[in-house]
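*Asks:* Sequence:
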Amino acid sequence: MRFSRFFLPVLREDPKEAEIVSHRLMLRAGLISQQATGLYAWLPLGYKVLRKVQAIIEQEQNRAGAVEMLMPTLQSADLWRESGRYDDYGKEMLRIVDRHKRDLLYGPTNEEMITAIFRSYVRSYKDLPLNLYHIQWKFRDEIRPRFGTMRSREFLMKDAYSFDLDRERAVEAYNRMFVSYLRTFRRMGLTAIPMRAETGPIGGDLSHEFIVLAETGESAVFCHADLMNKPIPGPEVDFRGDLTPIVSDWTSLYAATEDMVDMEEFEQSVPADKRLAARGIEVGQTFYFGDKYSAPMQATVTNADGQEIAPHMGSYGIGLTRVVPAIVEAGHDDNGIIWPVSVAPFEVVLISLKVGDGDCDAACEKLYDGLRTAGIDVIYDDREQGAGAKFATADLIGIPYQLIVGPRGLKAGEVEIKHRKDGTRENVPIAEALRRLMELVVPARLETI
RNA sequence: CGGGGCAUAGCUCAGUCUGGUAGAGCACUGGUUUUGGGAACCAGGGGUCGCAAGUUCGAAUCUUGUUGCCCCGACCA
Numbered sequence: 000m001r002f003s004r005f006f007l008p009v010l011r012e013d014p015k016e017a018e019i020v021s022h023r024l025m026l027r028a029g030l031i032s033q034q035a036t037g038l039y040a041w042l043p044l045g046y047k048v049l050r051k052v053q054a055i056i057e058q059e060q061n062r063a064g065a066v067e068m069l070m071p072t073l074q075s076a077d078l079w080r081e082s083g084r085y086d087d088y089g090k091e092m093l094r095i096v097d098r099h100k101r102d103l104l105y106g107p108t109n110e111e112m113i114t115a116i117f118r119s120y121v122r123s124y125k126d127l128p129l130n131l132y133h134i135q136w137k138f139r140d141e142i143r144p145r146f147g148t149m150r151s152r153e154f155l156m157k158d159a160y161s162f163d164l165d166r167e168r169a170v171e172a173y174n175r176m177f178v179s180y181l182r183t184f185r186r187m188g189l190t191a192i193p194m195r196a197e198t199g200p201i202g203g204d205l206s207h208e209f210i211v212l213a214e215t216g217e218s219a220v221f222c223h224a225d226l227m228n229k230p231i232p233g234p235e236v237d238f239r240g241d242l243t244p245i246v247s248d249w250t251s252l253y254a255a256t257e258d259m260v261d262m263e264e265f266e267q268s269v270p271a272d273k274r275l276a277a278r279g280i281e282v283g284q285t286f287y288f289g290d291k292y293s294a295p296m297q298a299t300v301t302n303a304d305g306q307e308i309a310p311h312m313g314s315y316g317i318g319l320t321r322v323v324p325a326i327v328e329a330g331h332d333d334n335g336i337i338w339p340v341s342v343a344p345f346e347v348v349l350i351s352l353k354v355g356d357g358d359c360d361a362a363c364e365k366l367y368d369g370l371r372t373a374g375i376d377v378i379y380d381d382r383e384q385g386a387g388a389k390f391a392t393a394d395l396i397g398i399p400y401q402l403i404v405g406p407r408g409l410k411a412g413e414v415e416i417k418h419r420k421d422g423t424r425e426n427v428p429i430a431e432a433l434r435r436l437m438e439l440v441v442p443a444r445l446e447t448i
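Under numbering that gives the first Met the number 0, the first residue of the first sequence carries the number 0, and numbering increases by one thereafter.
Derived by calculation from the structure, the hints in this document are not laboratory data.
Every residue gets a Cβ at the ideal spot worked out from N, C-alpha and C, and that includes glycine.
All clues stand as given, with none of them false.
Pairwise CB distance ranges, derived in the manner of DEER restraints:
#1 S251 with R101: 49 to 55 Å
#2 L69 with R98: 23 to 29 Å
#3 L73 with R122: 26 to 32 Å
#4 A76 with E438: 54 to 60 Å
#5 T250 with G412: 52 to 58 Å
#6 R278 with D248: 23 to 29 Å
#7 D272 with Q306: 51 to 57 Å
#8 E264 with D237: 29 to 35 Å
#9 D333 with S3: 26 to 32 Å
#10 R274 with Q306: 48 to 54 Å
#11 Q267 with V441: 45 to 51 Å
Put together the whole structure using the sequences plus the hints.
*Replies:* So this is what it looks like as C-alpha cells:
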C-alpha cells in the first residue's frame, strides 16, 4: 500500500475526549473514529488490525474443534421470551419494533438463537459434541460507555456455544476453549490470565474471565505472580485428548477478580512475595451453564438409552473490539503504539526520506516491489513530507519494522532497519534488506505457536 | 439515573467574568527555498461562535430551554 493512496488521518494533538492511553492512541493513529457515544467507525488502519485479530481467533477456534457460522444481529423477542430473558435483561438491551409491530432486539448475545438452531436440527447424541461459533456485532446499551472501543455500546464479539451429552463431557468442551484461549491471546502478544469469575445474568457455575493486566483495567484482580510467566500450550497440543492437566495446572494457582476474591484464601494460598494485586481488562470469558437454555427451550436429543435429554451447554466469548485497545495498553511508549507483528496493520513501513530524488525513488520502488512479492504486508511512505514527520507517523502507528531509505545511506549502498519495539537500528546493504526483513518478520508472525 | 464539566475554523484552544459585530497555533491551497526526528518564508481560503427562544440600540459573551459530548459514581457475559 502506498501511503499517498491510503486513508490514514493521524492526529498530531491529543483529542480532548480521550482519557486513557489506548483510546488516545487509537484516535491519534487513525484507527477509529467516534460517531456517537459508544459507537465507532473502524478506519482502514484499525480495521486491518481487527481483521488480523479475527483471523487468529478463527484459526485457534477451528484448531480446537469449533465450527464457524454467522447469526444475524437482530433477533426476535419471542426467542428471548422462551428463555425468560426478555424481561430480565433490562434497559441494556436495545429493543426495536419493525413495520409489522413485531418486537425485535439487537442481540447482546446469542444463547437463545443458537439453542433454537440446535433444536431444529439436532436429534441424536451421535451428533455431539458440537461447538458452533460466530463473530458478529453485538449491542448493549451501556449506561456509560467509555474508554473508546474498550467499553463501547456496539462491539464485535466472538461467541462460541458448546453442546454435550453430560456434565463431564461439557467440561471437556470447556477445557478445549480454555486452552484455546490461552493460545489465542498469546498469539496476539497478550498475557491473559484465567481467573475465577462470576457468571452474571448468563448463569452457570463454572466460569473464568481471561484478564490482561493493565493500569487502566476496569476491575481489580488478585492472583499468583507465577501465572504471568507460565508457558502456553504449543501447537502440538491435542484437542482431542485430555486437557485436564493443562487446565488444572493453570487453575491450581490462585486467581480471582474482585467480584469473586476471598482475601483470606488469597493470603493463605499465595506466599506474600507472590501476591499480585492489580487491575485488569477482561478480554474473554468462558462459562459452563448446563441446561439453563436447552431445558426451557426444549432443545433435547435422544441419548443411547433412547431417553430425551437436554444437552449441557457452555458459551465462550472474546471481545475483539476490546482486545485491540488491550493490545495497545500492553504495547506503547511515548511515541505511539508498538504492535506485535501478528496483529500489526502493516509489518513493515518503507520510508523514503527524499521523494523526488531519482536514486531514492528507484531504490524505494524496487524494495517496495520486492517486499510485496515476498508477501510482506508493507506500507510505502511515498509522501512529500519531511523526514521527521515520517518518522513520527511511523512510530505513532506502531509498525514493527521501519525500512528507512535516504540518499545518505544509498551513497554507501545501505538502507536502515529500525525496530519499533526497542528502537534499535541496523544498517544493511540494499541487496540484503529484503532477506533480513523476512528473517525478522516471518517467524514473528507466529511468535508463540 | 445522580453529581460535575464542555460545545468558537478540519484539530487543539484563546476570547465569555466586565455585551460593541471573531482570533492564535497546527492543518489546508498557490509559490519559492528546503529535506536523516513533526522545515522556513511569502501570499491565500475557511467560522450565521451546537440549536431555539428571550433581554438589549447591539449577544460568542447575559437569561431560559434544548441537543450532543466528556468525567466521577452506581451499572457492566
